[in-house]
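Top to bottom, those sequences are chains B and C.
Counting from 1, one number per residue, gives the positions in the first sequence under my numbering.
Counting from 1, one number per residue, gives the positions in the second sequence under my numbering.
Hints are computed from structural coordinates only; laboratory data are not their basis.
On a predicted model such as this, the values are computed, not experimentally measured, just so you know.
Treat the hints with caution; some may be incorrect.
[As the list claims (entries may be wrong)] Chain B regions said to be covered by chain C (calculated; three or more residues, Cβ under 8 Å):
id, segment
1, 80 to 86
2, 182 to 195
[Stated by the list, open to error] Simulated pairs of lysine to any residue, SDA-like, Cα-Cα distance not exceeding 20 Å:
id, chain 1, residue 1, chain 2, residue 2
3, C, Lys72, B, Lys116
4, B, Lys263, C, Asp103
5, B, Lys116, C, Asp103
Even glycine gets a Cβ: it sits at the ideal position worked out from N, Cα and C.
2 protein chains.
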Amino acid sequence: MREIAILGIGQTKVDEHWDISLRDLAVEAALATLQDAGRDTAEALFVGNMLSPLVSGQNQLGALIADWAGLKNAEAVKIEAACGSGATAFRSGLMAVASGEIDSALVVGVEKMTDKAGHDVTAALATAADADYEAEQGVSFVGLNALIMRRYMHEYGWKHADFAPFSINAHANAMHNPFARLHQKITVEGFEKSSMIATPINLLDASPTGDGAAAALMVPAEKVNGNAKKIIVAGSASATDTIAIHSRREPLFLSAAYASAKKAYSQAEVVPKDIDVFELHDAFSIMSALSLEACGFAERGRGIRLGLDNEIGPTGRIPICTRGGLKARGHPVGATGMYQVIEVVQQLREQCGATQVDGARIGMAQNIGGSGATIVTHILKRA
Amino acid sequence: MREIAILGIGQTKVDEHWDISLRDLAVEAALATLQDAGRDTAEALFVGNMLSPLVSGQNQLGALIADWAGLKNAEAVKIEAACGSGATAFRSGLMAVASGEIDSALVVGVEKMTDKAGHDVTAALATAADADYEAEQGVSFVGLNALIMRRYMHEYGWKHADFAPFSINAHANAMHNPFARLHQKITVEGFEKSSMIATPINLLDASPTGDGAAAALMVPAEKVNGNAKKIIVAGSASATDTIAIHSRREPLFLSAAYASAKKAYSQAEVVPKDIDVFELHDAFSIMSALSLEACGFAERGRGIRLGLDNEIGPTGRIPICTRGGLKARGHPVGATGMYQVIEVVQQLREQCGATQVDGARIGMAQNIGGSGATIVTHILKRA
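The following block holds chain B by itself, in its conformation from the complex (with noise of 0.2 Å):
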């Protein structure tokens, strides 16, 4: 595979954007792509998104986003694996420019989700579990993970206060990026206090949804040989588990999160020790533990550890969610991957002021598709 660099990034701030329509919101994060490229085309275009069959009445993405971006006959398309569809896209264009097929590929996530009523967003995202064998039984997706966290404190002997950690660092992450949707410093006796959702998960251990969209422009790394801004793509995998929790031999290992990032360590010829920050999907508290734990940053059942023992702020061990992860910076589903992948180039880039990581190489972005059935890795390094 020829060598892939990321040669610019754009985003919009992730919130209630009643103002702002699905189409405008990609268009946005493109054009301030493209201008941070400097360049002012693409060849290519991939859209991640999950839902706006569902919310906007729109399919065709792809065309539609190419359209509207002035990408006049460019290839585009859509590349859904719910709240996983931003990583797969980016993965999407970063093999079609592997491919030789094409030089120049524009990825773009995309979310609208603020523009139906709650329930009929929650309808909407519990497409992403199995229809049949789980949202048929009138499981919502909140619900799904509550069952995990359940078992995980039942198994391993945690209490919910445990987990607090997770949130207090994202959201205290978030309080330095201007993009993120919440900008609140929150406690453990807030967090303990909160609403609860669904038991054991509360208000403070799920992520907000929100509007937003996030890009980035991938080319032939030897072709922008010099530039300042360039960030190598290191390590690219995806994989699958069991679409139904309940089909998983061991439901509380993200198989899917170790296999993805196995491979791309391996391509990246690095060990997790290596990770200078680890942008995961912490789309609820538990899924912080399960994935640090899945990629070899913890033994099982002891990812909470490293909240309790402070190693996963800026200066910490492995610094994760270090602009606000979903919980704080907000998870727009289909755009969430790429939200995730372009905070790890700020991060290379030291971009992040307060919450930027001393000397950062090495870039490690994990996005999530489901109760853990499509898991992307991605592994980012300084050129």
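Starting from the known structure of chain B, fit chain C onto it as the hints suggest.
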């Protein structure tokens, strides 16, 4: 790009499969393909589908189908470009193998359309159009095509009966395809008397929906030298046009068909007269005329003549829809592009019986998303 071969194909009949679920249709085609290829697994799965979130309440089809087809931990995604989803999935699989990232790609196009009332499916299909500027006006997808057909008849002076040969040819060919949805011959008189849907499009101008799945397995060509079933992908290109018809300078010219065909011809080093068989996207009879024109088989406004002059049958100058086309094989929207690809493979393998094109060596498949917004062209060659 390294050369890619199609090693196996599989399909289900297009029908109202009330007793087969979405996932089971996909798995049936997937397993038939692996069997045809003599393989027992694939490294990655690319699913083409348009409607499952809306019709089946199911997203994340990549993981779902990988799970149910037994592709443990395989990479898997869904690609969507409305009715062009099938061919975009095929091209995604092609680029993934070409990149060297994976060595075998299983591509499955699948659609389940008959589990909902017809008006629900009509609304779901309208998501292929521009939701804010076309569908918002209440125009259905067939309505948009009716506007194009009416304009074509006005501009070039053709009457409705002149479109009959396209539908008659498709129905005649489908008589010999056991996987086709419709097995009934039609005549010019029957064509003219058929029920009106959206003037001037009547029932026999329009393709029927249906449930179905079609699949193919792709591998690097150099790894299967000497395999008699091997078919090479000689050209592959995808292009877009404006999503809304009213934004096009020339609404009767499929500019994305022109752009993608031109690129595919150039890659395959062929010109239109070299194409032995052309599986085009006859969702409506008007689209046959426009596709033939945009791809260089007829002058603008003259595509109709190829039908009237008996040039589109299996022994004609440019045989189209040799297995029944969308019109009579049926149009399970997100699966259609894959049916087209494997039908070309069947021609190149000389498996088409009464509709076999004599000595077919080079075939083309062209899949359209929306009213010409996404168009993907593939050229296959007998190895």
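Comparing the hints with the structure gives:
no.	hint	result
1	80 to 86	holds (count 4)
2	182 to 195	violated (count 0)
3	C:Lys72 / B:Lys116	36 Å, violated
4	B:Lys263 / C:Asp103	15 Å, holds
5	B:Lys116 / C:Asp103	42 Å, violated
Hints 2, 3 and 5 from the earlier list are contradicted by this structure; the remaining hints agree with it.
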